[in-house]
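**Q** Protein chains in written order, with our numbering: chain A, 450 to 587; chain B, 6 to 65.
Just so you know, the hints here were simulated from the structure itself, not pulled from any lab data.
Computed from a prediction, not measured in an experiment: that's the story for all the values here.
All C-beta atoms in this analysis are idealised placements derived from N, C-alpha and C, irrespective of residue type, glycine included.
One or more hints might be untrue.
Under the rule of at most 20 Å between Cα atoms (straight-line distance), these lysine to any residue pairs were calculated in the SDA-like manner [stated by the list, open to error]: (1) A:Lys-562 with B:Ser-11; (2) A:Lys-489 with B:Gln-31; (3) A:Lys-490 with B:Met-38; (4) A:Lys-585 with A:Thr-467; (5) A:Lys-489 with A:His-580; (6) A:Lys-586 with B:Met-38; (7) A:Lys-490 with A:Phe-506; (8) A:Lys-562 with B:Met-38; (9) A:Lys-562 with B:Ala-57.
Here are some of the chain B residues that sit facing chain A, going by a computed Cβ distance under 7 Å [stated by the list, open to error]: (10) Met-6; (11) Thr-30; (12) Val-50; (13) Val-53.
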Amino acid sequence: MANNTEAQKIMATTPAPTPQAIMALVLGWLLPGAGHFMLKKWYRGGLLAASIFTLFFVGMGLQGKIYSYNFGDLLEMLGFIGDIGNGLLYGIAHIMDWGQGAINRATADYGTKYIVCAGLLNVMSAIDAYHIAVGKKQ
Amino acid sequence: MNISLSHFTAALLFALCASVVFGITQRSAPKDMLRYGAYCFSLFVGGVFVAAWVMWFIKR
Numbered sequence: 450m451a452n453n454t455e456a457q458k459i460m461a462t463t464p465a466p467t468p469q470a471i472m473a474l475v476l477g478w479l480l481p482g483a484g485h486f487m488l489k490k491w492y493r494g495g496l497l498a499a500s501i502f503t504l505f506f507v508g509m510g511l512q513g514k515i516y517s518y519n520f521g522d523l524l525e526m527l528g529f530i531g532d533i534g535n536g537l538l539y540g541i542a543h544i545m546d547w548g549q550g551a552i553n554r555a556t557a558d559y560g561t562k563y564i565v566c567a568g569l570l571n572v573m574s575a576i577d578a579y580h581i582a583v584g585k586k587q
Numbered sequence: 006m007n008i009s010l011s012h013f014t015a016a017l018l019f020a021l022c023a024s025v026v027f028g029i030t031q032r033s034a035p036k037d038m039l040r041y042g043a044y045c046f047s048l049f050v051g052g053v054f055v056a057a058w059v060m061w062f063i064k065r
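The following block holds chain A by itself, in its conformation from the complex (with noise of 0.2 Å):
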């Protein structure tokens, strides 16, 4: 019954999701910094593209694995939900065949990692700019 009640009341302190929340949710997610762009943070939005555009490509500089769809190997698996955090650059990277190359430098290894936190940084910016814009975060 108490516990019926805190759920009410976080129910009712929850913002309602807006169109334009989710719009900003999406768009942050399919491009970095895009989600806070469309709510016109502009600064926030630059210095967060600039931080993950970073990661990612000197991942890809430095060699780092694209993961690809492979249900069979956890840690397969736990790389390619972090991937596509990236939205539209993992499409990318994808298509054009990125990242498939064989690991043949120490510092590889760090491209892979900087690939997949740049995914899961991106996943926290869209998840940023919708609660701006539902009115959560100033």
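Take the given structure of chain A and dock chain B to it, following the hints.
**A** Only chain B this time, still in chain A's reference frame:
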């Protein structure tokens, strides 16, 4: 495109980019964002030095 970075430079670059995103997404006011970003960056870099010393002692 091939980039060659040392382990330390790669760790610093990662720390910088991740700290910027953490600072912006986890705080609301610009001043707090800057402070939190700097805090995250110092933790990342501090962690690199601690890990380096731990590995040095393990190697000995």
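**Q** Hints first: check each against the structure and report whether it holds.
**A** Verification of the hints:
1. A:Lys-562 with B:Ser-11: holds, 15 Å
2. A:Lys-489 with B:Gln-31: Judged against 20 Å, a Cα distance of about 19 Å means the pair holds.
3. A:Lys-490 with B:Met-38: Between A:Lys-490 and B:Met-38 the Cα gap is close to 14 Å, so the pair holds against 20 Å.
4. A:Lys-585 with A:Thr-467: With a Cα-Cα distance of about 12 Å, the restraint between A:Lys-585 and A:Thr-467 holds, given a limit of 20 Å.
5. A:Lys-489 with A:His-580: With Cα atoms ~14 Å apart, A:Lys-489 and A:His-580 stay inside 20 Å; holds.
6. A:Lys-586 with B:Met-38: The hint holds at about 13 Å.
7. A:Lys-490 with A:Phe-506: violated, 24 Å
8. A:Lys-562 with B:Met-38: It is violated: about 25 Å lies between the C-alpha atoms, which goes past 20 Å.
9. A:Lys-562 with B:Ala-57: Holds, at about 19 Å.
10. Met-6: holds, 5 Å
11. Thr-30: holds, 4 Å
12. Val-50: violated, 16 Å
13. Val-53: violated, 13 Å
Of the numbered hints listed earlier, those contradicted by the structure are 7, 8, 12 and 13.
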